[in-house]
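From first to last, the protein sequence lines are chains A and B.
When we follow the working numbering, the leftmost residue of the first sequence carries the number 61, and every step to the right adds one.
When we follow the working numbering, the leftmost residue of the second sequence carries the number 0, and every step to the right adds one.
The reader is advised that the hints may include incorrect statements.
[Stated by the list, open to error] One-sided excerpt, in silico: chain B residues whose CB lies under 10 Å from chain A:
#1 E16
#2 L27
#3 A32
#4 L34
#5 V56
#6 R58
#7 A60
#8 Y62
#9 T63
#10 W82
#11 I84
[What the hints assert, rightly or not] Across the chosen pairs, the derived CB separations fall in these ranges:
#12 A:F401 with B:M45: 26 to 36 Å
#13 B:R13 with A:A149: 27 to 37 Å
#14 B:A71 with A:W108: 31 to 41 Å
#15 A:S241 with B:A60: 17 to 27 Å
#16 B:R13 with A:P276: 44 to 54 Å
#17 B:R13 with A:Q190: 13 to 23 Å
Honestly, the hints are just simulated from the structure, not real lab data.
Beta carbons: idealized from backbone N, C-alpha and C, even for Gly.
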Amino acid sequence: MNAVAGSDDGKLYAAHAKVYPREVTGRYNRLRVLSVFALLGFFYGMPWVQWEGRQALLFDLPARKFYVLGLTFFPQDFFLLTWLLIICALSLFFFTALAGRLWCGYACPQTAWTQVFVWMERWTEGTRQQQMKLDQASWTANKVLRKSAKQALWIGFSAFTGYTFVGYFTPIHSLSSDLVSGAAGGWAIFWCAFYGFATYGNAGFMREQVCKYMCPYARFQGAMFDNDTLIISYDEERGEPRGSRSRTVDPRSKGLGDCTDCTLCVQVCPTGIDIRKGLQLECIACAACIDACDAVMDKMQYPRGLIRYSTQHAMDKEPTRVVRPRTVIYAILLLVLVAGFATAVAQRRLVQVDVLRDRNSLFRETADGSVENVYTLRLINKDTRAHRLHFTVENLPGAIIDADRSEYAVGGGEVVSVVARIRVQAGSVSGGRDVIIVANSLDGAIHTTTKARFIAPVGR
Amino acid sequence: MPHHAEPHLTRWVRFREDLGILLWASFLAACFAALVFFALFDPTAMGDDRAPYRWLVNRHAGYTLGFFFFWAICAISGFITAWMIDTRDTHGGPT
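Isolated chain A (complex conformation):
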């Protein structure tokens, strides 16, 4: 059965055939394993790290607060998140232009989790050959046992992943005790299951199909490529004509290139392509084929690098330029954005005051002959320590602000709503006027101004 889409029979759709990536060892594989441990280690470990008595990294959705180390972010800081996402996107462009699909091969969660699922498959079902044989064999007790062991590992690991994921959005310590005691909310359990299921499906079954059919980055990354971008390529000039030979025979005397046509590069490929056909959309640049080929070259006592990291220019025997308009522009943009982001975070107002006008009445005339507007002040303390605030009003002569109490204490990371009334002598103002509500802390650390609309009856 031919599994390659768009293959010889002229049909576009062929049934998907499972890719059984062969085990590989070598320097790039070590790098990839290191990267899996670093990234997944961070993912599974980070929720347990504490900072000043609370979770260091917590996107507390139920409380609408994001904690990142010592900083607390509120929905009002949304533009910072947008900014951060733009920085991430631009970094991706920059590294793609420079070094190709580094992201896909080493850093993408899809790659990392697939790798772990493949390991579990190998522990339970054995090597590539054993797996293929097992899948073709009839359902013996051995097969049932191996398949169930694999499923048990996969499902357990997926469930743990889902639970860790939810631990980023709701404090993981209370989530754990709630799950153990059975007191966890339905929504939390639902999201654990949902994310666990997504992990199971993506890393267990979809695997390279996610990269081939679903990933938007895989579709547009080619736009960032040029002839100086690092790619994985097969040295056709050196390798062809390919063919098997004995280690003792000089290939040139048989008219052969260095490729022994052992097809190991194809067998180790997680997306099931043949790199010798040239750079393909499916290639996630994981460099497994380089490791496989280098091992064969060592065995044959040929120089390494028949398949290697290279650039189109290098393959064409032209000089490769790392510094070029594309990389320079990306780098400058990235620097400007990162500097701006750091400044924006550093200059963030520690206390923000949101003013909401009372929706029920424009104004109220009191018995003592003054006009009164009612507001709700939301005091958002993004600092880690408490502040005591009192209010004054500017830009409206003779006005006083009455918030019942002379000062309000807002704890670190807390939001307090205060009802405040601005009063002014009737007749001193007509119609609408922008006023400024000033919040000062008693120790002088906070001075926040917020604009509000004051409305009085017209023409009296």
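Using the hints provided, position chain B relative to the given structure of chain A.
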């Protein structure tokens, strides 16, 4: 190639891929929509005394159902788009 021998199977295989792509694309769009929407609006602030479903005015429920609502809307849009630009053999185009 068993799939190509029977046209209805090919149609099903194609539909399955279309469905996968449109569910995935709408998932991404829904993530983005939910992110922006819930950054600006707090589910607990959306209900008042006349709100028909009190249990919805709760952040866990609001976020979850809000996300699936966006996903459903985006998927419907994707489905109708895919269906309306369908260029399969009915127009004599390439199969």
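Checked hints:
Because the smallest distance between the Cβ of E16 of chain B and any Cβ of chain A comes to about 7 Å, under 10 Å, the interface hint for this residue holds. A hinted interface residue such as L27 of chain B counts as satisfied when its beta carbon comes closer than 10 Å to some beta carbon of chain A; here the least separation is about 7 Å, so the hint holds. Annotation: interface hint on A32 of chain B violated; nearest CB of chain A at approximately 14 Å, more than 10 Å. For the restraint placing L34 of chain B at the interface with chain A, the shortest Cβ-Cβ distance is roughly 8 Å, inside the 10 Å limit, so the hint holds.
Contact between V56 of chain B and chain A, as hinted, is not supported at the beta carbon level, the nearest pair being about 13 Å apart and thus beyond 10 Å. Proximity of R58 of chain B to chain A holds as hinted, the smallest CB-CB distance being about 5 Å (cut-off 10 Å). For the restraint placing A60 of chain B at the interface with chain A, the shortest Cβ-Cβ distance is roughly 6 Å, inside the 10 Å limit, so the hint holds. Residue-level restraint check for Y62 of chain B holds (minimum Cβ-Cβ distance to chain A is 6 Å; threshold 10 Å).
For T63 of chain B, the suggested interface contact is upheld, since its CB lies about 5 Å from the closest CB of chain A, less than 10 Å. Of the supplied interface hints, the one on W82 of chain B is violated, with its beta-carbon coming no nearer than about 18 Å to a beta-carbon of chain A, more than 10 Å. This hint is violated: I84 of chain B has a C-beta 17 Å from the nearest C-beta of chain A, more than the 10 Å allowed. Separated by about 31 Å at the C-beta atoms, F401 of chain A and M45 of chain B satisfy the suggested range of 26 to 36 Å.
At roughly 32 Å, the beta-carbon separation of R13 of chain B and A149 of chain A lies within the given 27 to 37 Å, and the hint holds. Taken as a hint, the range 31 to 41 Å holds for the pair A71 of chain B and W108 of chain A, whose Cβ atoms sit roughly 35 Å apart. Taking the beta carbon of each, S241 of chain A and A60 of chain B are about 22 Å apart, inside 17 to 27 Å as hinted. Taking the beta carbon of each, R13 of chain B and P276 of chain A are about 21 Å apart, not inside 44 to 54 Å as hinted.
As the Cβ distance of R13 of chain B to Q190 of chain A is approximately 34 Å, the hint placing it in 13 to 23 Å is violated.
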